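Participant: Here the protein sequences come in this chain order: Z and F.
Convert by adding 266 to the 1-based position in the first sequence; the result is the number in the numbering used here.
Convert by adding 4 to the 1-based position in the second sequence; the result is the number in the numbering used here.
These are computed hints drawn from the structure, not numbers from a lab.
Each hint should be verified, as a subset may be incorrect.
As the list claims (entries may be wrong) - Reference excerpt, derived from the structure (chain Z facing chain F, CB under 10 Å, subset only):
(1) Ala293
(2) Lys294
(3) Ile297
(4) Asp301
(5) Ala302
(6) Glu307
(7) Met316
(8) Phe319
(9) Ser323
(10) Tyr326
(11) Glu327
Claimed, not checked - Only pairs whose alpha carbons sit at most 25 Å apart, straight line, appear in this in silico DSS-like list of lysine-lysine:
(12) Z:Lys291 - F:Lys60
(13) Z:Lys291 - F:Lys40
(14) F:Lys155 - Z:Lys328
(15) F:Lys29 - F:Lys42
(16) F:Lys155 - Z:Lys294
(17) Z:Lys317 - F:Lys18
(18) Z:Lys291 - F:Lys18
(19) F:Lys80 - Z:Lys328
(20) F:Lys60 - Z:Lys294
(21) Z:Lys318 - F:Lys155
(22) Z:Lys328 - F:Lys75
(23) Z:Lys294 - F:Lys18
(24) Z:Lys328 - F:Lys168
(25) F:Lys75 - Z:Lys318
(26) F:Lys42 - Z:Lys291
(27) F:Lys21 - Z:Lys294
(28) F:Lys18 - Z:Lys318
(29) Z:Lys294 - F:Lys29
(30) Z:Lys318 - F:Lys40
(31) Z:Lys317 - F:Lys168
(32) Z:Lys291 - F:Lys21
(33) Z:Lys291 - F:Lys75
(34) F:Lys80 - Z:Lys317
(35) F:Lys168 - Z:Lys318
(36) F:Lys29 - Z:Lys317
(37) F:Lys40 - Z:Lys294
(38) Z:Lys318 - F:Lys60
None of these values were measured; they are calculated from a predicted model.
Even glycine gets a Cβ: it sits at the ideal position worked out from N, Cα and C.
Chain by chain, the residues run as shown.
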Amino acid sequence: MNDKIKQINQQRSKKKPGSIEDAIKRAKQHIRNVDAENLEEPEGFASGDMKKFLEDSDEYEKGEDDERE
Amino acid sequence: MQAAHRDAEERYTKIRKAVLDEINKDLFNSNQRNFKAKLIDQTALVQSEYWDYSAKRRVNWGWTEGYHIFKYRHPKRFEMALWHNATLVSLSLGRPTYRGSKLRLDFIEGNPDKSEDIKVFEYTFLAMVGYAQTLGAGELRVMHPINADVKRYYENFGLSYVTKGDYLYVRL
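Please construct the entire structure, taking both the sequences and the accompanying hints into account.
Facilitator: Here's what the structure looks like:
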């Protein structure tokens, strides 16, 4: 199951990059594949740590981005 | 603002608008015509300030300050304000990682008083995938779910949790 859901477009490596529209279609298919179309969102739905970002943006980004490795 | 920064802001705003245009087409074609995806503007930020009065709100950050700082730092950012008729139902903000291989969703919040049948993450996810496509990013990351319910929601959406870094991801 995890292998199935971790990669939206398993054929991507065989294809040329498509349009935004194509990407959205693939994402919608992913949502159907994992039966997420009718998932209830939790009350007070939110993500992120904006307080930390506002306190010290440099520190927030320094500590959180593995692309600097 | 330096010329290079301004150029990047203009260039990526065109891309952001192109993605939101596609999202709006999809909303229209899916018979969800009361919804509209827009860039974050002053009208959206003013509406978001009313969320602070909701007993259902789980966070206490200010979008106005956060957006302006984030916008200045990240001209390549992802952003979306989702509207249901005249009501703002969500704000979201993210950015590509430094090498551009991943697109992060740093902050998202649904209007705490939106009705239960209004889902905001699905179209945020679609817009992020569209934006990632244009940037060539191969992975989406959702940073810092605020509680276990939200984390479980993302997992049910097909994202995998990574403890180190406290984020969820899906490869594209």
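Participant: Evaluate each hint against the coordinates.
Facilitator: Here's how the hints hold up against the structure:
1. Because the closest C-beta pair between Ala293 of chain Z and chain F is about 4 Å apart, less than 10 Å, the hint holds.
2. Checking Lys294 of chain Z against chain F by beta carbon gives a least distance of about 7 Å; that is within 10 Å, so the hint holds.
3. Residue-level restraint check for Ile297 of chain Z holds (minimum Cβ-Cβ distance to chain F is 6 Å; threshold 10 Å).
4. With a least beta-carbon distance of about 8 Å to chain F, the hint placing Asp301 of chain Z at the interface is held under the 10 Å criterion.
5. For Ala302 of chain Z, the suggested interface contact is upheld, since its CB lies about 5 Å from the closest CB of chain F, less than 10 Å.
6. Interface restraint check for Glu307 of chain Z: the shortest CB-CB distance to chain F comes to about 6 Å, inside 10 Å, so the restraint holds.
7. Restraint check, Met316 of chain Z versus chain F: the minimum CB separation of about 4 Å is within 10 Å; hint holds.
8. For Phe319 of chain Z, the shortest C-beta to C-beta distance to chain F is roughly 6 Å, which falls under 10 Å, so the interface hint holds.
9. Below 10 Å, beta-carbon pairs count as interface contacts, and Ser323 of chain Z has one with chain F at about 6 Å; its hint therefore holds.
10. Annotation: interface hint on Tyr326 of chain Z holds; nearest CB of chain F at approximately 9 Å, less than 10 Å.
11. Hint status for Glu327 of chain Z relative to chain F: holds, with the closest Cβ pair at about 8 Å, below 10 Å.
12. Proposed proximity of Lys291 of chain Z and Lys60 of chain F is contradicted: the alpha carbons are some 33 Å apart, above 25 Å.
13. Pair hint Lys291 of chain Z plus Lys40 of chain F holds up; C-alpha atoms about 18 Å apart against a cutoff of 25 Å.
14. In summary, the hint linking Lys155 of chain F to Lys328 of chain Z is supported, as the alpha carbons are separated by about 23 Å, within the 25 Å threshold.
15. Between Lys29 of chain F and Lys42 of chain F the CA atoms are separated by roughly 12 Å; this keeps the pair inside 25 Å, and the hint holds.
16. Taking the CA atoms of Lys155 of chain F and Lys294 of chain Z, the gap is near 20 Å; set against the 25 Å cutoff, the hint holds.
17. Taking the CA atoms of Lys317 of chain Z and Lys18 of chain F, the gap is near 29 Å; set against the 25 Å cutoff, the hint is violated.
18. A C-alpha spacing of about 21 Å is found between Lys291 of chain Z and Lys18 of chain F, which places the hinted pair at or below 25 Å, so the restraint holds.
19. About 18 Å separates the Cα atoms of Lys80 of chain F and Lys328 of chain Z, which keeps this hinted pair within 25 Å; it holds.
20. This hinted pair does not check out: Lys60 of chain F and Lys294 of chain Z have alpha carbons roughly 29 Å apart, beyond 25 Å.
21. With a CA separation close to 19 Å, the supplied pair Lys318 of chain Z and Lys155 of chain F stays within the 25 Å bound.
22. With a CA separation close to 17 Å, the supplied pair Lys328 of chain Z and Lys75 of chain F stays within the 25 Å bound.
23. Of the supplied pair hints, the one linking Lys294 of chain Z and Lys18 of chain F holds, its CA atoms being roughly 23 Å apart against a limit of 25 Å.
24. Annotation: proposed proximity of Lys328 of chain Z to Lys168 of chain F holds, straight-line Cα distance about 15 Å (limit 25 Å).
25. Restraint check for Lys75 of chain F and Lys318 of chain Z: the C-alpha separation of about 16 Å stays at or below 25 Å, so the hint holds.
26. A distance of roughly 20 Å separates the Cα atoms of Lys42 of chain F and Lys291 of chain Z; the hinted pair therefore holds under the 25 Å criterion.
27. Between Lys21 of chain F and Lys294 of chain Z, the direct Cα distance comes to roughly 20 Å. Compliance with the 25 Å bound is thereby established for this hinted pair.
28. Note on Lys18 of chain F and Lys318 of chain Z: the hinted pairing is violated, with a Cα-Cα distance of about 30 Å set against a maximum of 25 Å.
29. Note on Lys294 of chain Z and Lys29 of chain F: the hinted pairing holds, with a Cα-Cα distance of about 14 Å set against a maximum of 25 Å.
30. A distance of roughly 30 Å separates the Cα atoms of Lys318 of chain Z and Lys40 of chain F; the hinted pair therefore is violated under the 25 Å criterion.
31. With a C-alpha separation of about 20 Å, the suggested pair Lys317 of chain Z and Lys168 of chain F falls inside the 25 Å cut-off, and the hint holds.
32. About 18 Å separates the Cα atoms of Lys291 of chain Z and Lys21 of chain F, which keeps this hinted pair within 25 Å; it holds.
33. Proposed proximity of Lys291 of chain Z and Lys75 of chain F is contradicted: the alpha carbons are some 28 Å apart, above 25 Å.
34. As the CA atoms of Lys80 of chain F and Lys317 of chain Z are separated by approximately 21 Å, the hinted pair is consistent with the 25 Å bound.
35. For the suggested pair Lys168 of chain F and Lys318 of chain Z, the alpha carbons sit about 17 Å apart, so the restraint of at most 25 Å is met.
36. Proximity of Lys29 of chain F to Lys317 of chain Z is assessed by CA-CA distance (about 34 Å); at most 25 Å being required, the pair is judged violated.
37. A distance of roughly 18 Å separates the Cα atoms of Lys40 of chain F and Lys294 of chain Z; the hinted pair therefore holds under the 25 Å criterion.
38. Among the hinted pairs, Lys318 of chain Z with Lys60 of chain F is consistent with the structure: their alpha-carbon atoms are about 22 Å apart, no more than 25 Å.
When the structure is compared with the earlier hints, violations turn up for hints 12, 17, 20, 28, 30, 33 and 36 and for no others.
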